[in-house]
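Asker: Sequence:
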Amino acid sequence: MAGTAALVIDRLACEYQVPPAHPSPDPLRWRLDHIVRTRLAAACASALEPALDPDDPSVWLVDRMECELATDVGEDDDAIARELGGGLAAAIATAIAGGTGGDGGTVLRFEDQAAYVAQFVCDLADGWAWGRWYYAGFDGLRPLATGRAIVTALVERAPDPLDALLRVQRLGRLDRVLSALGAADATALLDGCLAGSYTPGVAVEPSDALLATWLATAPGHRRWPAHTLILWLAASAADQAPKASRVASAYGVLLRLAAAARGEAHPGTANVGAIADTGQSLQALAALLTESGSPDAGSPWWDTSFAAVFLLLPAMVQLGLAGPIEGVSPEALATLRLLVAARCLGRQRAAEVMSDPAVQFAVGADERAHQLCREGPDEMELAARSVWMALERPPAGTPALVGRRRASLLLSHAVLRRFARSLVGFGASSFEHIRRNFLAGPGEVRASEAEIEVRLPAVPLRLVLRIAGFDGEVAAPPWLGDRTLTLRLPQERLRCRCSQASPSTLRLKTSKPGSAGSTCCFAGRCSACGPRTLSRRTSTAASTFPTRMSMRCWRRMAASTVGPCWSR
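Residues in the sequence shown are numbered from 1 upward in steps of one, following this note's numbering.
There could be a bad hint or two in this list.
Simulated restraints on C-beta separations [what the hints assert, rightly or not]:
1. 427 to 126: 33 to 43 Å
2. 58 to 140: 18 to 28 Å
3. 182 to 58: 29 to 39 Å
4. 145 to 17: 23 to 33 Å
Hints were generated in silico from the structure; no laboratory data involved. C-beta atoms are modelled at their ideal positions from N, C-alpha and C, and glycine is treated no differently.
With the hints as constraints, model all of the structure from the sequences given.
Answerer: Listed below in structure tokens is the structure:
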């Protein structure tokens, strides 16, 4: 930080050269060692101060540096320290200006301490921080678990934990860092961010002052994290309004952190209805948060953790969720589809699914649908009951399902089972197995007036999806209009048995099952085989596609990333 410049030398090795005829080299060595230990650091800092800007918060790290210095040992200790310190300071300034140490050592620069800590926690979450020379200052955290080490670094090593978290967000690594935290770690980090945020005596508007006092004294901030964090941002900015972008970013970071503390996932859109009673002064903030939770209009792609929801749309159409249903509005039916999608993708992440803009777009719902699900409108309950009763066709006199939750749960089971039956050999698989191997992972969505393109996640059994026809243009559901819907699966990577040192990438080509002679083909070139081609084909008639494929061949095709897999 500005005004708190410091110089830290991790290890200093000195080699003294004196004339061969010196009468007492050992006492001279002891004297110089004492000067280096007790006076060199202060002398070097004093000489280095004029060369550095005291208002520059940069953090400079030098791997290693060698310099040759000369001094007159006949002078007093202070004079020797000044000469050695001045020479060392000049070498440091030269290394910083030139970007390299005297012997070719690496020089790194971070914008400030918060940026340094942010980069450390990112690398720590990815598993490659320890052992890097420029993180030697964090070696005291090695005995701690990864999550605890991240929290300690952010809270104790960064001047402002929130500022460091915002740097992590700008690096695009916030999700990775939060995923490394347990519930207790996330709670501790949330407490560290909120600590000291309320300053008594600051004049704020009455409603904000009352709520800011509640924030500082009540221990229940984990129960309503969205309320608490929005109020905290407003109260902490009472004396000096922050930039709008910082407020929005801070809210997004802390809300995700609070969700991680509860063991939940982060909702991408702020629930404006939940903060409507926080005072007139927060109206602008509420509008800003709503805007910040929407997809970026400047980017053609939406990032989403639930791109696989588009795989469930055909099953929803087949089960009658496209409508129309007598007495049920299209908005209520869209909200029902959103609730069913949330249950299909996992109860633990239901809040995040329902507030994800890409999921809302996929099922034809709007940003109000999340609140409608919580309120439980009569229309949506009627829709859930009507669809399920139509599917089951119970005998006359059978009572309707009790409750919207029960009806939507059964509908989600029906959607998942219908989707599983579209995959060869997975019709009886458990729902958790289906979610883990086909529906989990981040992807991207791009929508225009004419087409919708979805980049599906790299799920473990994506080869099965490719065989089932979920790669390419598929029929779009009615609520998406006349646009074409195209699903894209990641390319398969296979290993050749003969390529040991440098396995090549083989393209997977499949023809859509449906007509006689459906073919599943792996083909490509191997760097060790030269011009020879690797291939394995399995052809079947359309009517017997699931039965004529041997189980051994099926398992080998499903294990698309395991090698060696195919012979020459």
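Asker: Determine for every hint whether it applies to the structure shown.
Answerer: Structure-based check of all given hints:
no. : hint                   : result
1   : 427 to 126: 33 to 43 Å : 38 Å, holds
2   : 58 to 140: 18 to 28 Å  : 23 Å, holds
3   : 182 to 58: 29 to 39 Å  : 34 Å, holds
4   : 145 to 17: 23 to 33 Å  : 48 Å, violated
Comparing the model with each numbered hint stated earlier shows that hint 4 is the single one that does not hold.
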